Structure formats: structure tokens, C-alpha cells
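S.K.: Chain by chain, the residues:
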Amino acid sequence: MSEEKGKFNRRDFFKGAAMGVLGSTALGMGLYSYSPWRKSHFPEVKRKMKDIGACKSIKVTNISETSWFKNATLMGDIKGAGGLLVNQYSYNWPPFGDGTGLGKGTYEKGIAKIKHLLPNNLEEALAVTERLSVSPENAGGFAALVEVEELNGKKRKFLLDSGWSYKWMDECFKREGIDQMLKNREIEALIISHEHFDHYWGVPVTYKYDPAITTYIPDGFYPEGLQYLKDAGHKGKVVKVKPGLNTIIPGLATFVFAVPIICRVYGEQAIYANVKDHGLVSVTGCCHFGIIQFAETAFREIGYEKNQLYGIYGGLHISPFEDWDPKYDDLVISLGKYGFQKIGCNHCTGVLCAKKFIERGYPVQKGTARYRTPDSAYLGNGDKIGFGIEV
Amino acid sequence: MKQPGKGISILVMTFFLSTVIYFMTMHSHMGILYYPWQYFRSVAPPYWEQFANTVSGNFHVAWIMCCTVMAWIVETIWERFPFKLIKTDWLRRVTAFFGIIAMAWAMLFFLYFAQELTWGPAIRGTRLINAPDWRWLHVGEMAVFFLVPAIFITFYCGNWPRRFSLPVNVLIRTAITIAAAILLYIVYYKTSHDFLGTQKGFMHESQFPMIPTIWLINIWLVHHWFMDNWPAWKMIPKTADEIVQDHAAEKAKLAEIRWSPSLGWGMGVGAVCGVVVYFITLNILPWAYKSIIIK
Chain X
82 MSEEKGKFNR RDFFKGAAMG VLGSTALGMG LYSYSPWRKS HFPEVKRKMK
132 DIGACKSIKV TNISETSWFK NATLMGDIKG AGGLLVNQYS YNWPPFGDGT
182 GLGKGTYEKG IAKIKHLLPN NLEEALAVTE RLSVSPENAG GFAALVEVEE
232 LNGKKRKFLL DSGWSYKWMD ECFKREGIDQ MLKNREIEAL IISHEHFDHY
282 WGVPVTYKYD PAITTYIPDG FYPEGLQYLK DAGHKGKVVK VKPGLNTIIP
332 GLATFVFAVP IICRVYGEQA IYANVKDHGL VSVTGCCHFG IIQFAETAFR
382 EIGYEKNQLY GIYGGLHISP FEDWDPKYDD LVISLGKYGF QKIGCNHCTG
432 VLCAKKFIER GYPVQKGTAR YRTPDSAYLG NGDKIGFGIE V
Chain P
146 MKQPGKGISI LVMTFFLSTV IYFMTMHSHM GILYYPWQYF RSVAPPYWEQ
196 FANTVSGNFH VAWIMCCTVM AWIVETIWER FPFKLIKTDW LRRVTAFFGI
246 IAMAWAMLFF LYFAQELTWG PAIRGTRLIN APDWRWLHVG EMAVFFLVPA
296 IFITFYCGNW PRRFSLPVNV LIRTAITIAA AILLYIVYYK TSHDFLGTQK
346 GFMHESQFPM IPTIWLINIW LVHHWFMDNW PAWKMIPKTA DEIVQDHAAE
396 KAKLAEIRWS PSLGWGMGVG AVCGVVVYFI TLNILPWAYK SIIIK
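Protein chains in written order, with our numbering: chain X, 82 to 472; chain P, 146 to 440.
Since the hints were derived computationally from the structure, they do not count as laboratory data.
Just to be clear, a hint being listed does not mean it is correct.
Said to hold, decoys possible - Partial pick of chain X residues on the chain P-facing surface, computed with a CB cut under 8 angstroms:
#1 PHE89
#2 PHE95
#3 ALA99
#4 GLY104
#5 ALA153
#6 MET156
#7 GLY157
#8 GLY161
#9 ARG345
#10 PHE370
#11 GLU403
#12 LYS408
#13 ASP411
#14 VAL432
#15 ILE470
#16 VAL472
As the list claims (entries may be wrong) - Calculated Cβ distances over 12 angstroms to all of chain X for the following chain P residues:
#17 SER201
#18 PHE226
#19 LYS232
#20 LEU253
#21 THR271
#22 TRP279
#23 LEU311
#24 ILE381
#25 PHE424
Source: prediction; values computed, not measured.
C-beta atoms are modelled at their ideal positions from N, C-alpha and C, and glycine is treated no differently.
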């Protein structure tokens, strides 16, 4: 020790300072960072209360919620192709099968086999794709008809997604009369929730009946997806919706979330409907961003009737493969506090999740389990749900 | 006890304690995977639910990862400081054990808070970046980013710097490690989608930076322990004299750290500076995170 008594020693001072900095920083981190005081650092949530108008009612017809028929087949293909991060166009699934086998496909090679047949000769395209694709029998699709009744009583129709399998979706469209509605141009727009195979790859089925339909896609489509719009025979207007709120008609808006999604997809949009005297209704495709995020976003962004989150329809992306994780229980436990009064879930929500909702006493509208829907715990194919209107 | 009895005993005891820790931390997580919840086979809902705002065991993954990182930091760039200042063996060991856990919890809370400052408070029931379970897991992932530079400094930089007193050396290395970890974090999230096949952004379900970082660390461990850093370094075993000199130098270094008024003043000023640094960091973090633009 070089310090003489009472004399300042620079080396000792720096030693102490180093220890002091390390100690007090660690102490601050430990005592303050998870304490209630930390909340003073969070900015106050300011509601934007954006007015999207209001509608009288909204009715949703489940054209198909069955995106695939066997989880094991789908997951087997995904694992075999390299996992959930693999580009979905490489799976060699229909309609982009090129005969080279699982995980070896590309959009370009696949579409080259059927492009000349789209959108009017889907039967032949189907025959080609069944021959060249992996697991063609497993493809289904997600699509829903959204009917909005304006405050003046006028009804307007929108199609949410166009499914996957040409064959299955055509059958479903015919079953619900969507084909005729499209032919008659009663449906004014196709809203694609996201680029996933089971929501988007069946788009030629819509264009077969109405190639000029206005199509809303979320910003974030990959080049293959954008090219498919053209190759599928679309002749109408394409609206690329930027992340955030986009009002479509009074009372109906979409919101795009810039989220990365499995199978190399980016961005998803979902629908908000503000129903007069009832509240806000969420209509989602897969809801990869999460229904509670959707509800919280609505709270921050939109002004809605009675300040009430009223209803839900669609996939909630909780347990799409009927697997489970404790974090899903977080959602099941938390959803109750948002006060939804009518829940029409299906698709990637998972049957198990729907059962857990029911057990907790949530107002889940059960279905009829028809047309290959596996369980009546949620709204199945051909089932309808109304918000502000009884169906 | 002689070998191999001693080694086998340590192995058995480690396995036993690991099992106890597993039951304490992850058994409830596994128990509620079942439908219905295994109320009687596991604690359901888990005891940490209210504290961690989630039923997910990711909360434990987070603090255990922080403990791992902290243990390595103490062992490498901190050269077991400050615990090696304690002369009594049992006291030093007990203090080190609980001290490392305490510092790991400080790290845990801070890294969770850092995310809250950046992305807003977690909302239970949401997915990925906004969900508490994901945030806890991300704490563990962030922690491992600190381990990479710490190990590099020790293995490949000879624990630079060594010219100052031990606490100052430790502080400088810690600052370098923090800066390098932040840089690595930014580089990882800006580029990983180009070479790991992950999705862009922080929050993809399969975005799991612990895997490549631990993988890299494992390679370094093998390279350092089993290959003596060859071929970049050539191993020249120390002579007995050199080893004796090292031990003497180590003793002298420790003896140098003892109480004096200057040390006390330094600690006081340092403590204030530490608090200031902490609160400045809280204000810088949201801005810093926002400047990480991933295209």
C-alpha cells in the first residue's frame, strides 16, 4: 500500500470508484428494474380514438375453416421439408407441385405447370397439381364471407381469404353460393389476411368467378405471392395495405400488423367492424399477432361503440396443430378480462383451446360440426355468426 | 475422498440437485401442458404466476440463463472478483454462490425492464414480442449475448486489460463486454435472417439466438480447453517457477485491495456514478432500440 496516512491516493480512489460503479449499478438493476416504481417510465397510453364509422350489423359465414385435414400429414411435410422457417413455396404442395418431391419446389417451376390454365380451367389445373404435388388430398383452406349492413340498411359483402385447394374451395364456394355472388359481383372486395398457403393459394377460385374483384393484401408479400396475383388471372385493382389502420367502408376497417410468420410469410391484416349499439367486432384469418394484441391495438387506435369489445370471429392462432404450451393458458386466462360477448372461433384456434374457453365460461358460439369440421366446440364449415343481428 | 469416488459423488450430487431444481422450476410448466391441468401432480397454476405474469416456465429459463452467464462472467473477466477477496473458504463459497444468483436476478430484472422500456409493458395473453413468456425467454437470449464477448476477452485476449488494479480491470472488461454484446445483438438481428434462415425481426417463434451463440461458445470452449487455442497460439507449459510467480502476483494483487479513505471516497463517488449511469441507460435504451432498423 503506497498511501501515506491522510494523503489522497489516486490508484485507491479509482479502485473504489470501479467497485462503486459496479456495485451500485447492479444494485439499481436489482432493486429498481422490476419494482412498481419502474412503471413511472412507461408512457401513458393515449387513445387515438380514430373514427372508422359504424355499421348496423355484421354477419360472417364460415365458408371453410378447415385448412388441412390431417395435422400429422401437414407437420410431417413441414418437418420433411426442413421445418417451419422454410419458404412455403418450396414445399411442393399444391398448386405449385412440380413433381420433384418434398422441399424441392419453387414457385416458378410450380406455376409454370398450371399458369396457362388459371383461372378458368381449374379442373385441369387441379389434375396437374394432384399429379405433381405432395399431399394434395390434405389441402383445404380458410375463407369467410363478411356481410356488413350499413346504418341505412344497405348490405355489402366482402370475402376474407380464398383458401388453398382449388377443389375444396370450389366445393365450399358452391355450397355457400359464393360462386354466384362473385359472378353477380355482389362481393365487392377480396381481403387477403396473409400470404399463407391455406388462406391465399386458392385465390384462382375467386378469380375464376370474378377476375376483376378488388383485392386487398397486407404489405409484406414476398415476390412469389405478388406474382401469383397476376398469374392467377387477376384483372382488378390490388390494394397493398400498409401497416396500421385502413378504413374500407363506414364501420369496417382492416389493420395490418408487420409480423414475421412461420413458413416465410410477413405481415397480416384483420378486420375491425364497429357495430352500432354493440361494440367492436374482430374478424381474423389466423391472427398470428394474437387476439389480445388485436384488442389492445383497437383500444389504442379506434373509437368504438359503447367502448365495448363485442365479438370475435376467426382463427385465433393458439393451437393450430392441437399442441399445447403453458403460454396458451396465459391467453385463455387473460381473454376473459376483455369482456367479449360473442366468440366465434375456429381454424387455428384449435379445438382444445375452444374447449378451454367454454370451460372458463366464455361466450363461445358452438358449431354444427358439418362438412369435415372435426368438433362442435367451435364454429364449423357452413356455420354462421351474427353481431348485431341474429342468424 | 479419493478419485474416482470423489468425481462420481460430485456427479451423483449434481444430478440430484439438478432434479430438485427441475422440479422446483419446470414441473408445474410440464404439468399444465396436459388437459386438464395436472392439479395434483404439479403445482397448478404455477406458484410464480402472479410474480412473473405468466404460467410459462420461460421465467425460470430466463433467470437460470442469467445465472449461467453471471457464473461465467465471474469466472472469466471478473477473475472471481469480488468474491476472492474473502479469505475464509466456506464464507467465500457461500457468498459467491448466492452473490452470483443475486447478480443474475439483477440482470434478469434489468433485461426485462429494458424490453418494457422499448416495446412497452408486456400484455399477458398476447403472443411473441408483447407476451411476458416471450419477454422472459428473450431475457435469457439477451444474457447469452453478454457471454460471447466475455469468453472471447478471456480466451483470446488474455483477459485484457491487466495493467490497472483488479477492480479497474474488471470494470473496463465489463464495459467492453457490454458494448460488444450490444453490437453483437444488433448485428445478429440485422443479419441472421440472411444466413440462418430465420425471419426478419426480433420476435419470430423460431428466432432463437441462444442456439448460434451457445454453439459458437462451445466451439471456443473446445478450442481453448482441448486445443490450447492452436493454431493461433502455441502452448508452452509454464515452468514451476513461473507458476510460483503467478501465485505470488495473484496474492499481491489481492493484498493491494484493502480499505483506505481514498478507496472509500472512490466507492462513494463510484456508487453515485453507477446510479447515474443506470438511470441514463434507462432513458437511452428506447431510443437505442428504435435506431435498430431491420430491413
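S.K.: Could you check the structure against the hints above and give me the numbers of any it violates, in ascending order?
M.R.: Hints 5, 6, 7, 8, 11, 14, 15, 16, 17, 18, 20, 21, 22, 23 and 25 not satisfied by this model.
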